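Protein chains: 2
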Amino acid sequence: MRPYPLLVLLTALFSCASRAEVVAEASSPGKVLRVQLSIDEGRASYSVLRLGEVVIAPSRLGFLLRDTEKLERNLQLASQHSSSFDSSWEQPWGERRHVRNHYSELRVRLSETIKLKRSFDVVFRLYDDGLGFRYEFPQQDQLSDVIIDDELTEFVVAEPATAWWIPAGEWNRYEYLYQRTPLAEVTQAHTPMTIRSESGLHIAFHEAALVDYSGMWLRRTEGQRFRAQLSPASEGWKVRRKAPFHTPWRTLQIADSAGGLYQSDLILNLNEPNVLGDVSWFQPAKYVGIWWELHLDQTTWASGARHGATTENARRHIDFAARNGFRGVLIEGWNVGWDGAWFGNGNDFDFSKATPDFDLRAVAAYAKSRGVHLVGHHETGGAVSHYERQLDAALDLYRALDVDVIKTGYVADAGQIERNDGDGRVHREWHDGQWMARHHLKVVREAAKRRIAINPHEPIKDTGLRRTYPNWVAREGARGMEYGAWGNPPNPPEHEINLVFTRMLSGPMDYTPGILSLQGRGQAIQTTLAKQLALYVLLYSPIQMVPDLPEHYEKHSTAFQFIKDVPTDWAETHVLNGEIGDFVTIARKDRGSDDWYLGAGTDEHGRMLPVTLSFLDPGRRYTAEIYRDGDDAHWRTAPFEFVAEQREVSSRDRLLIRLAPGGGQAIRFKALPMRSRR
Amino acid sequence: MRPYPLLVLLTALFSCASRAEVVAEASSPGKVLRVQLSIDEGRASYSVLRLGEVVIAPSRLGFLLRDTEKLERNLQLASQHSSSFDSSWEQPWGERRHVRNHYSELRVRLSETIKLKRSFDVVFRLYDDGLGFRYEFPQQDQLSDVIIDDELTEFVVAEPATAWWIPAGEWNRYEYLYQRTPLAEVTQAHTPMTIRSESGLHIAFHEAALVDYSGMWLRRTEGQRFRAQLSPASEGWKVRRKAPFHTPWRTLQIADSAGGLYQSDLILNLNEPNVLGDVSWFQPAKYVGIWWELHLDQTTWASGARHGATTENARRHIDFAARNGFRGVLIEGWNVGWDGAWFGNGNDFDFSKATPDFDLRAVAAYAKSRGVHLVGHHETGGAVSHYERQLDAALDLYRALDVDVIKTGYVADAGQIERNDGDGRVHREWHDGQWMARHHLKVVREAAKRRIAINPHEPIKDTGLRRTYPNWVAREGARGMEYGAWGNPPNPPEHEINLVFTRMLSGPMDYTPGILSLQGRGQAIQTTLAKQLALYVLLYSPIQMVPDLPEHYEKHSTAFQFIKDVPTDWAETHVLNGEIGDFVTIARKDRGSDDWYLGAGTDEHGRMLPVTLSFLDPGRRYTAEIYRDGDDAHWRTAPFEFVAEQREVSSRDRLLIRLAPGGGQAIRFKALPMRSRR
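The listed protein sequences correspond, in order, to chains A and B. 505 is the number that our numbering gives to position 505 of the first sequence; each next residue is one higher, with no gaps. 631 is the number that our numbering gives to position 631 of the second sequence; each next residue is one higher, with no gaps.
Hints were generated in silico from the structure; no laboratory data involved. Keep in mind the model is a prediction, meaning the values are calculated, not measured. It is possible that part of the hints are untrue.
No distinction is drawn between identical chains; accordingly, a pair holds when it is met within one copy or between any pair of copies.
Capping the alpha-carbon separation at 30 Å, the derived lysine-lysine pairs in DSS-like fashion look like this [stated by the list, open to error]:
| # | residue 1 | residue 2 |
| --- | --- | --- |
| 1 | Lys31 | Lys555 |
| 2 | Lys353 | Lys31 |
| 3 | Lys242 | Lys368 |
| 4 | Lys670 | Lys31 |
| 5 | Lys670 | Lys555 |
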């Protein structure tokens, strides 16, 4: 018996009930979640209950505003409105084709009772597997130019919990190892932050539809009480907007299992539908490129004797892509500007001018002749205004060369993005502040006009805007495979498993899995061979790199076959098991065929995971092409121990997924021809 | 990253490797587990590795013997022999019909190098999901009358873990609430003791085939080091045997999930096959009786005005059983001897003589006329020698009356069983010492001769002997439902969930679920209505009581229908999800029809558990008769909130199992007639 949490809850409920009055409430469609809005001596707060138990204890709502009184006190409920919605929509590409959007909405208007008599709305959307809420500022004379110094939104977690999180407000943007600590020891975290309570409840905190606002960090103020901490603008405030406007959705995904979090479509559902219309010109695909050799320091971004982006090297990679059926070829370092100290200082970059040893047009023509597409590259070094000034021309150039995907880059310390609007002053902005939120969407919109997809590295976090702008296809925004090359420390075996239940909840990541040499720059990658294959299924992205050196793939041709086979677009996704940071198994159905794929991975501990194949189509038989860890495999001592084997299976079968310490398993279920009925 | 366990392991490995030599080793059939036997300066120890990682660090083997030197030092490996075995066998009744027994065996002979030159064998049987090992004492002149003062077997758990356990050596036998503590805070525990390591590995420690030996407790000696602590004999020693003999199997079930532990057949497989031959005369069934009214103190075991076991009351229960299709009727307190202080002092019991107000033969005849079978009752009050002297006559009486199941009882404080062999001295024995191990088997064997099944309460623990003696059908051996009537504290909502992953790993329990009034003696039972139904699926026994008062079942006729329908014998069992003490869902297939049943339960926290119905037979359609918690149900505030609903489903469907705080869900999947193909 664990009486403690109950006692805490009862105490919280009682002390709250004695002062605050619930003025509005609503339940999710299946009556799983309930939100209650209370007014307590003029202050508004919300609570979340699940199956009758308090999950989020009363948590404050409101704002600190510049040059006017804070918007937080003397509030009353002016009106409330409830509604419900149930519909399905189709993703152009994604983890699943059809998404159901089924919610109950509660809209409350809060008005000040004295002085300025300002009003704002809070809108809650309640799903059975989570909720989102946002503030909406109506047009009103008393509040038209809104300068937000702080958003006062709180999240008070009722039950003691463990958190998986990365620090916010630190120099390395989102590129930290996930920490696992008591929730009460978090300092300031980026979202998604995922927690598991003592009772086994899983909650992921994040936001949806971050548009013209600054990113939300979660700052712990006491105990398990968190407050929204908005990424600051260089002017000192956090956000400046003209009313009417609304904030992003503050979201909680809530499930009894880690897998339940990953299955949730909450973030996408809270974004606006596609505004681009037909986006069939974007094709989910794999790409190779001049990239890993740079991280290995075999060649350089900088020009000179060891320059990677030469015409000849590009042709070699184009040939490799063509030979193996990969659509894209990325070439980094082809343009002018890489020779100085460009990190955090990208003002030398010319986005249209190639180095002398690289003939862009010839390379593009050669790619076309081989049926391969160049993947464009725009590294800004953080000089974003400089990039914006060249943006139209740079995009036009790529469009002219039939480049339809661009990887962008913002390599600069957090808070060191260079904004130079032409007023002669240089502002230093955060990667996730309001200005950068605007910048990223500007690039995405301008690219969309030219039918180009965008894949930013060192980006702003994903908040589901791919629903509205399906050309925003992927991004980095966490420690990627490159840390295997030179990271100190490198990514440990649990890293990708942590990602599935944290970073990946926000959307696709260009992780660049598949280093079959298992070798970085003087250090081993902490993985088995089979796990590298599994990552293509575990870490979703519509564009997946095949990053290792061509000669390494040729050496590991059996494993390489899986990388050639695995698709990057899915009709269905099912999480079969998983614990945050421990292990996970995901099955996905190819959107372009009847085949299914399975990926499983573990941390530094071996696992034997029984799975039923009930996800397979009924009555169909499949050849299971199994790529697994060998019996003695171990990420540290025997990472190349590897078995490829086949068996015929159907949806009635079970498999025991064997994962070595630090290992993984990848399976292609190749659909066999249907037997004719006689 | 959690570097700590690895560091500990490396240190443990290194310090061990520096002194001990591995002299024999073997792997499980699928190379999941490996056991290593080491000799370190003449002392033998074993280790267990799983997927290359140390699970049990080097742990000592040996014995302290009376009147001779301890059998622990100056050992060398005299011989070793490896073999393997793979076969399947059929249970006459059980959680599943077919059991696969697939293991690798390693037999080592250890001999003393000096002095007495005694020898003993250690036999390991390695399965992919666990292992057992036992000592075998061969015939030898130097060691023929073996008096064991202590068994020195150790279990050193390598990785920090949490344990679920009940204390051993305490007065209340096995009837304690399960504690959840760090493993390093366990004092002395009964088995099964279940642990979960920091990395998520689940291990259950227990023993198999406890025959003519004393039960093993686990005493923590330091850190996570445990030593076998044998239940003592009144003579002061622990066990006395003549060589040749062998000990019970010391067992570890090992899985990555809690459900994996429950799926293991290790304990049964380590027992000897059925020695009784055809046992089809035993019929798994439900029974009612004069029992709960006694616990409510509405009637009494003692004779007098409020005596429960009257002829008239028995007829009323027989009618109730006949009307509702229940096979058995238990009548407690029908015989002479209940009027004094019988608790721990049962020498007044006469097992053949009824009280004046109870006509045993008339009641038996009436039962027969209604197609119902009496369930016999032998309460000993702990006066076991007294019982043994009457045993033949008592069994013969029941046989003559066609009673084929007897519930026995041993209500006496632990260590207070009265043994009085006729030498004029009274010995006080433990419920789980060697003498009681012999007693229980004696009763079971004598009963088997008469085609009677035995169901002991306050028993010795289950070690899988039902395989060898299938008439040993169930037992108590944990806090049962009766604690809901008068327990202080009562069983909390997590109790039954704890049982599934601890007590139930040992075998069937006569828990007596199904108190639909949800009411004990002046206290509420901590459950919802639906959870009472779910317990019939969750807590396996081939005999299940339907214990509540007939009028309570008539009041809750909708819920009662499930109790009437649910079978007590299964063809298959699948654990669909579960966490120790948190929640669990189990699906079982009726052995007597095509129907399936599902039970789910939770602790004090509500859950939404998605399950796929892939266990259902393919291509078959079923009516799912769902008995669930209402939307606002809660064990404390709204325990009777309850919904019964139906829908048609197949193996392709998924259900979201809604469990209220303290709640449960029960489903009958009633197979619809097969459609003919045209």
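Hint check:
1. Lys31 to Lys555: Between copies, since 28 Å is at most 30 Å while 56 Å is not.
2. Lys353 to Lys31: neither (59 Å within a copy, 59 Å between copies)
3. Lys242 to Lys368: Close neither inside one copy (47 Å) nor across copies (87 Å); limit 30 Å.
4. Lys670 to Lys31: between (40 Å within a copy, 28 Å between copies)
5. Lys670 to Lys555: within (24 Å within a copy, 55 Å between copies)
Violation of the numbered hints given earlier is confined to hints 2 and 3; the remaining hints are satisfied by the structure.
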